[in-house]
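Q: Put chains W and S on the given structure of chain E with help from the hints.
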Amino acid sequence: MSSRLRSRIAQLSANATIAIYLLAVLLPLAWMALASLKTREQVAQLPPLLRFTPTLDNYREVFRESDFPRYFMNSVIVATSSTIVSVLLGFMAAYAFVRLRRKRNDGLLFWILTMRMVPPLAVLVPFFNMMSTLGLYDTRFGLALVYVTFNLPIATWLLLGYIEKIPKSVEEAAMTDGCSRLAAMRAIVLPLAAPGLFATAVICLLLSWNEFAFALNLTGENAKTLPVFLTAWDTQRGINWGPMTASALMVVTPVIVCAAIFQKWLVRGLTFGATK
Amino acid sequence: MADVVVESIVKRFPDGTVAVDDVSLAIEDGEFFVLVGPSGCGKSTLLRMIAGLEEITSGEIRIGGRVVNDLEPRERDIAMVFQDYALYPHLNVYDNLAFGLRRRRTRKDEIERRVREVAQMLGIDTFLHRRPGQLSGGQRQRVAMGRAIVREPLAFLMDEPLSNLDAKFRVQMRGELLKLHQRITTTTVYVTHDQVEAMTMGDRVAVLRDGKLQQIGTPQGLYAAPSNLFVAGFIGSPAMNFVEAEVVAGEVRFGDLSLPVTSASLDEYAGRRIALGVRPEAFEDAELVRDAGRPQIAVTVDLVEHMGAETLVTFDAGAPTVRTDDTRALAADLDEGEEEVGPPETAIFTARLDPKTDVAMGRSKELAVDAEQLYFFDLENGQAIGEGIRAQAVRAS
Amino acid sequence: MLGPTVLVLLGLSLYPTLYNLYQSFRATELIGPAKWAGLDNYTKLFHDHRFWASAQLTGKFMVVTVAGTVLLGLALAAALDRGSERFRRIVLPIVVIPMAMSPIVVGLIFKFLYNDAVGPINYYVGLLGPHLDNSFLARTDTAIWAVAVVDIWQWTPFAVLVFLAGLQSLPRGPLEAARIDGASGFGTFWWVMLPMIRTELIVVILLRTLDSFRVFDVVYATTRGGPGTASETLSIYLQRVAFNFLDFGYAGAMSIFLILIATLLARPLAKLLQLAAT
Chain E
1 MSSRLRSRIA QLSANATIAI YLLAVLLPLA WMALASLKTR EQVAQLPPLL
51 RFTPTLDNYR EVFRESDFPR YFMNSVIVAT SSTIVSVLLG FMAAYAFVRL
101 RRKRNDGLLF WILTMRMVPP LAVLVPFFNM MSTLGLYDTR FGLALVYVTF
151 NLPIATWLLL GYIEKIPKSV EEAAMTDGCS RLAAMRAIVL PLAAPGLFAT
201 AVICLLLSWN EFAFALNLTG ENAKTLPVFL TAWDTQRGIN WGPMTASALM
251 VVTPVIVCAA IFQKWLVRGL TFGATK
Chain W
1 MADVVVESIV KRFPDGTVAV DDVSLAIEDG EFFVLVGPSG CGKSTLLRMI
51 AGLEEITSGE IRIGGRVVND LEPRERDIAM VFQDYALYPH LNVYDNLAFG
101 LRRRRTRKDE IERRVREVAQ MLGIDTFLHR RPGQLSGGQR QRVAMGRAIV
151 REPLAFLMDE PLSNLDAKFR VQMRGELLKL HQRITTTTVY VTHDQVEAMT
201 MGDRVAVLRD GKLQQIGTPQ GLYAAPSNLF VAGFIGSPAM NFVEAEVVAG
251 EVRFGDLSLP VTSASLDEYA GRRIALGVRP EAFEDAELVR DAGRPQIAVT
301 VDLVEHMGAE TLVTFDAGAP TVRTDDTRAL AADLDEGEEE VGPPETAIFT
351 ARLDPKTDVA MGRSKELAVD AEQLYFFDLE NGQAIGEGIR AQAVRAS
Chain S
1 MLGPTVLVLL GLSLYPTLYN LYQSFRATEL IGPAKWAGLD NYTKLFHDHR
51 FWASAQLTGK FMVVTVAGTV LLGLALAAAL DRGSERFRRI VLPIVVIPMA
101 MSPIVVGLIF KFLYNDAVGP INYYVGLLGP HLDNSFLART DTAIWAVAVV
151 DIWQWTPFAV LVFLAGLQSL PRGPLEAARI DGASGFGTFW WVMLPMIRTE
201 LIVVILLRTL DSFRVFDVVY ATTRGGPGTA SETLSIYLQR VAFNFLDFGY
251 AGAMSIFLIL IATLLARPLA KLLQLAAT
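Residue numbers (the numbering used here), protein chains in the order written: chain E, 1 to 276; chain W, 1 to 397; chain S, 1 to 278.
Hints in this document: simulated from the structure, not taken from any laboratory.
Be aware that one or more of the hints could be misleading.
Which residues of chain E face chain S? A few of them, derived with a C-beta cut under 7 Å, are [stated by the list, open to error]:
(1) T17
(2) L89
(3) A93
C-beta atoms are modelled at their ideal positions from N, C-alpha and C, and glycine is treated no differently.
Here chain E stands alone, though its shape is the one from the complex (with noise of 0.2 Å):
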């Protein structure tokens, strides 16, 4: 076999393995976006119905029978609520960080990554005690000040890569040029973390919006999200599916099209910047 045919070959069954797995991630969503457009007899038919007439019924019903635009509120005023708050304490800590302490702090780290590895049914019970003393139990205000714990962490250690990479005589530079420092933190430091602001915010929003443990056990029905409104389709006598896929589809689009667009941020956000 020439060496030419045999790299053909290696590079046809690389391709094929991929094929192979783009269809299997995306014939589970296939799978929900066409039934999601079926009634409910079509949905149950067996095998699959590929060829039938597309209907709005599911989502007509999601929208008639639930409180759906009020849940979505809700997660997007949550979700952005808590990721600003996280965001602007992360990036005054991180810079406080890497500009007015000499040596980088183990401890401070260790201690913010064990904060995200907790398990959060572990702190569940006193933020559960915590949210009812203060009548923060089922607000919005309360999901999210729980949020910023596990979302504060992450933003902060993120942004501490950023700011890192600014050079510090750049910062001088302004200084002398008439700058105090918090101008100079203001016109220097903050247009350059931007993109570090941006990317960091991604991860944020998509982990609150994707958050389950807290909202199931801190919410009840005023300030529920998602996740927790799409659980209550599973129910004692069964699962209307047709509703179901509808609305998961309608929460999870959002999400898909943002990790399309932020791809690499993505994931050095969630490997805590241990990529580049």
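A: For chains W and S alone, kept in the frame of chain E given last:
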């Protein structure tokens, strides 16, 4: 424009290290003043204290007669050029230049005028709308200069601004910088570790070592009359040769060689060992020297390097090298910084000869020595011996 | 500047631990007021078969999902590394989709796919052998593995992208040297590329280990720990103890235990990330 006065300045870091130890300087208005020394000697720290980027532990700094100790960098009206240029990466060249002026609320048309003028002066007016990332190293360097000049500050502080350029371009920029300084005559404090840069650029040069001021003077002054072993070895290229020698009856002896001297100040060292310093350019091929009165020494040539305009010859002085804190610091600066073990090695001398000289490796050679360029140092403290520092040699008969 | 963050982290991290600790020394049965219980909750933990069974189950789940994710991730990353840049630009935005989705959605989709009445998996496996009972999520012996498949489906992209980033950043020199030294394609991968991406390997293994240690969402969405306790992981059991049985004292003791283990697991990760970041 203003003078810069540094008085008994000390910088002690929280971990206890003293970076600058009681340094005083009086830099005159319009002067191009160079701080030079090996890395870690405190020169950058001193400059940063003048800029206000480092806190002053004790002492006083005055710019234009005003005490600036407690002023923020922005209130000192100085401009700094950084080693890595520290251009604002998110702003184009024009905005980089205008940044400081805008901070000072300069009028818009005034900013425009000054930026254009400086850009033209530095030849960077053709890429005002590019960002630093799109510029070459040399262009960035010019932008960094421009950013300082456009401000028309009381003084320029430059922290090794040429060290990131390649060798050839660095020489060119050196000249340009000097011409620039002649034109705008703003007081400039210039930090470098490169003694050639210091010698060629400075009106006056201050040599620092381990946070302590060694000597201040004009380049010629430092070269001709170094106040101690360190300055003597640091200034000049190739560096001064050192050897341990003994003072005996109007002669300094080292190995089989001896050179006659008469210097009243050497009298008290009679019978004792001193450090003898000889500049490479103090040697000449005896055959090429008209003046037959010069003392001569016969040496065996180890190595010959033909440089074109000169020929460098290396030989063994046959006596121990000088080992003091000063020479160790110099060796460390040249990155030869390994500690010696065992008995002291013999000193290797370099002589800088006329290219017409006829030498070959392994052959012996008669060298004439210019006794005016002999230097004597105390082995204990490294200080130059003698009031006028330069010892007077007596012509041998 | 550090103030607010430290304050928030301190308040929100120290408080739960201390509260858990406090609760864990109290008896909080359903009826009657809470009483001081000493170490009762901890002794209960050590004798609770259900707890140890769920710990064992979680351990198995961790091993299988991490191994599956890493192996699949390596194979796919290697395949993608051979492809052209253009090809990758098309493929990667699709690959990334599963890991961006809420585990709840992923779980519900697979619950649908696995369903014995309407699910295609069940249907097609049934065609292979009608005698097989293949409602995988509903059988006690397969439920946890069916969930593991879902978890692997969701997180393989993560491994793929991290490994691919590592492979792409490798200098070409050593790879060409290995070629010249006579290594085969697989040999080069195994002996040269794999050791060179060991940081990425360890990061993925540690992160996935920690995440599957606390797995909750995907189990909740698919089986809720059932049937019975067949897929009851530690987090699911803790959820039941706390919010179904309302035994906060016992839940506190369990929480302390889990926090301790997570802290131990986070230690090497912190070290590694510190190295990778500098």
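Q: Next step is simple, just say for each hint if it's right about the structure.
A: Against the structure, the hints:
Given the 7 Å rule on beta carbons, the hint for T17 (chain E) holds: about 5 Å separates it from the nearest Cβ of chain S. At its closest, the beta carbon of L89 (chain E) sits 5 Å from a beta carbon of chain S; the interface hint therefore holds under the 7 Å criterion. Interface hint status for A93 (chain E): upheld, as the beta-carbon distance to the closest one in chain S is roughly 4 Å, under 7 Å.
Checked against the numbered hints given earlier, this structure breaks none of them.
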